[in-house]
Amino acid sequence: MKPEEFKAICDFVQKNSGIVLSQSKEYLVDSRLKPIAESHGFADIGALARGLSLAPEAVKTAVTDAMTTNETFFFRDKTPFTIFEEIILPELIKARRVAGRLRIWCAAASTGQEPYSLAMMVHKHKAALGGIKVEIIGTDLSATAIARAKEGRFTQFEVQRGLPVDLLVKHFTQEGTQWLISDEIKSMVKFSLLNLLESYRSIGTVDVVYCRNVLIYFDGDTKKRVLTSLRKVMKPDGYLVLGAADTVMGSNGEFERANNKRGLYQPVEAGEMRPALSA
Amino acid sequence: MKSCLVVDDSSVVRKVARRILEDMDFVVDEAEDGQEAFEKCSAEMPDTILLDWNMPVMSGLDFLKQLRAYEGGDKPQVVFCTTENDVGHIAMALKAGANEYIMKPFDREILESKFQEVGFD
Chain A
1 MKPEEFKAIC
11 DFVQKNSGIV
21 LSQSKEYLVD
31 SRLKPIAESH
41 GFADIGALAR
51 GLSLAPEAVK
61 TAVTDAMTTN
71 ETFFFRDKTP
81 FTIFEEIILP
91 ELIKARRVAG
101 RLRIWCAAAS
111 TGQEPYSLAM
121 MVHKHKAALG
131 GIKVEIIGTD
141 LSATAIARAK
151 EGRFTQFEVQ
161 RGLPVDLLVK
171 HFTQEGTQWL
181 ISDEIKSMVK
191 FSLLNLLESY
201 RSIGTVDVVY
211 CRNVLIYFDG
221 DTKKRVLTSL
231 RKVMKPDGYL
241 VLGAADTVMG
251 SNGEFERANN
261 KRGLYQPVEA
271 GEMRPALSA
Chain B
1 MKSCLVVDDS
11 SVVRKVARRI
21 LEDMDFVVDE
31 AEDGQEAFEK
41 CSAEMPDTIL
51 LDWNMPVMSG
61 LDFLKQLRAY
71 EGGDKPQVVF
81 CTTENDVGHI
91 AMALKAGANE
101 YIMKPFDREI
111 LESKFQEVGF
121 D
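Here the protein sequences come in this chain order: A and B. At position 94 of the first sequence (counting the first as 1) the number is 94 in this note's numbering, and the numbers step up by one without a gap. At position 81 of the second sequence (counting the first as 1) the number is 81 in this note's numbering, and the numbers step up by one without a gap.
These are calculated hints, taken from the structure and not from any lab test. Hints are supplied without guarantee of correctness; some may be wrong.
Okay, derived cross-link-like pairs now, EDC-like style, lysine to aspartate or glutamate, Cα gap no bigger than 16 Å in a straight line [unchecked claim]: (1) A/Lys-78 - B/Glu-112; (2) A/Lys-190 - A/Asp-237; (3) A/Lys-15 - A/Asp-219; (4) B/Lys-75 - B/Glu-112; (5) B/Lys-2 - B/Glu-22; (6) A/Lys-25 - A/Glu-38; (7) A/Lys-170 - B/Asp-86; (8) A/Lys-2 - A/Asp-44; (9) A/Lys-15 - A/Asp-44; (10) B/Lys-104 - A/Asp-44; (11) A/Lys-232 - A/Glu-184; (12) B/Lys-95 - A/Asp-11.
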């Protein structure tokens, strides 16, 4: 691939997903886009790169899809779920008694393991909810990932990564080597396509946002813009959960660390916002 | 150091499991069937047991039932690791006192994840 072709792909991916691809990712572009170039009738990746701006929407979607990372598993990293069980859920159950509604948004839901993990935790604590209606929203940029998430069907390998066996037995049924999540858990999560660079109007107002392992792929300006947009859809006493490698450094200061927990943030009052120079 | 007894009649499985578990800083011992495993546990209880189901002499399930009824046999965290991949077998294993369950084939990531699940990070 010529440097200008690699650059054309990087520019396209950044414009459409915010993901910044460094020069070291050329091998990744090569291995992920070669099958797409072949299946859509391009002579090679170079031809795909040159024709991308005028290519049909299906090709553009396939390229964006291929360059997003969908790595996920149930209860990934554990801590964000311990935090949910020990801090977020008890606090918000107290605070939402009157409103009777609690909305959780997984902003990079991938194939659904994160929102389904949260749904299983909510289910575990349903007696404590006291009638509060919990709605979990899972969105992702990748149409392929969202289609899989909606189906709620997982391989034997996927259900063995992070999912305790008692929850497997409780919430899944087996179909050959595939495992289907129960209708009860599935009905707790609504999935839809959403690009974090575009409008969040369809989300409405939420109490909790899980946006893990996304900001690390963005440049400073995009990250700042996304954090500002996230703040706008969140309740003032809501919680933002980021990935272990994500920080709010460089943002306008909309969020501050909560409960002294890594990865857990709460909105800052508008009048008290200071640009964040550290995590 | 934490200890793990790997119980499987396949020497290949024992070898693969040993390699992964030693990388996780476990001191590993091996047994070829439930009977040998029980004798080793009677002499010294390990912290964890990775247990196959179908073995000659004594099956994994019979071993587990005998272990849990034995004095001190409630201590080890037992992770089944078997080709019996249906809900019925999983439920039976949990009822007999298994703490986690691996459906073969497994890889390093699954093994590590399940041992983290039973409290051995």
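Taking each numbered hint in turn, which are not upheld by the structure, reported in ascending numerical order? The structure conflicts with hints 2, 4, 6, 9, 10, 11 and 12, although it agrees with all the remaining ones.
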